[in-house]
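Participant: My numbering applies: residue 1 is where the sequence shown begins, and numbers increase by one.
Derived from the structure by calculation, the hints contain no laboratory data.
Be aware that one or more of the hints could be misleading.
Claimed, not checked - EDC-like mimics (lysine to aspartate or glutamate), calculated; alpha carbons at most 20 Å apart, straight line:
| id | residue 1 | residue 2 |
| --- | --- | --- |
| 1 | Lys114 | Asp19 |
| 2 | Lys114 | Asp22 |
| 3 | Lys114 | Asp52 |
| 4 | Lys8 | Asp52 |
| 5 | Lys8 | Glu75 |
| 6 | Lys8 | Glu35 |
| 7 | Lys8 | Asp19 |
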Amino acid sequence: MNHRFSPKRRILLVEDNQDNADLVLDLLDEEFVVEWYADPALALGRLQHAADSLPDLLLLDISLPGMDGITLLREIRRGGSVAAAVPAIALTAHAMRNHRVELLAAGFNEYLSKPITNEELFRATIHRFLPEFA
Numbered sequence: 001m002n003h004r005f006s007p008k009r010r011i012l013l014v015e016d017n018q019d020n021a022d023l024v025l026d027l028l029d030e031e032f033v034v035e036w037y038a039d040p041a042l043a044l045g046r047l048q049h050a051a052d053s054l055p056d057l058l059l060l061d062i063s064l065p066g067m068d069g070i071t072l073l074r075e076i077r078r079g080g081s082v083a084a085a086v087p088a089i090a091l092t093a094h095a096m097r098n099h100r101v102e103l104l105a106a107g108f109n110e111y112l113s114k115p116i117t118n119e120e121l122f123r124a125t126i127h128r129f130l131p132e133f134a
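Using the sequences and the accompanying hints, generate a full structural model.
Facilitator: Below you can see the structure in the form of structure tokens.
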């Protein structure tokens, strides 16, 4: 039997609501290493100063204090940063079609509606961007 070492994939979560963050952490904590920030400026600083340990996926709340998730993603994607290529999923309470178009145009790879009520859909979306190592 051939076993390969498969380190846990890393997700950076930016979510200012404790209950929402706890739910995401509960859903993903066993399978992934989840680094959580409530403050978008701190998350941006972490990405700008830790290029050697980038996450494999960004989960960004859209309604954040001080800097919304769209602005945060634009800052991450700007300037050729190594973090610019990390896939990003928006977490939003706004599920209207025009909002989805806006999020995808802003550079998000996908979006998920909050509150998260379908755990299987949530996990399937995450796995689409973080497939298992073969």
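Participant: Would you mind marking each hint as holding or not holding in the structure?
Facilitator: Status of the hints after comparison with the structure:
With a CA separation close to 11 Å, the supplied pair Lys114 and Asp19 stays within the 20 Å bound. For a cut-off of 20 Å, the pair hint linking Lys114 to Asp22 stands: about 13 Å separates their Cα positions. Taking the CA atoms of Lys114 and Asp52, the gap is about 31 Å. The hint is violated against a cut of 20 Å. Between Lys8 and Asp52, the direct Cα distance comes to roughly 16 Å. Compliance with the 20 Å bound is thereby established for this hinted pair.
At roughly 26 Å between alpha-carbon atoms, Lys8 and Glu75 are farther apart than 20 Å, so this suggested pair is violated. The straight-line distance between the Cα atoms of Lys8 and Glu35 is roughly 12 Å, inside the 20 Å bound, and the hint therefore holds. For the hint linking Lys8 to Asp19, the alpha-carbon distance of about 24 Å lies beyond 20 Å, and the restraint is violated.
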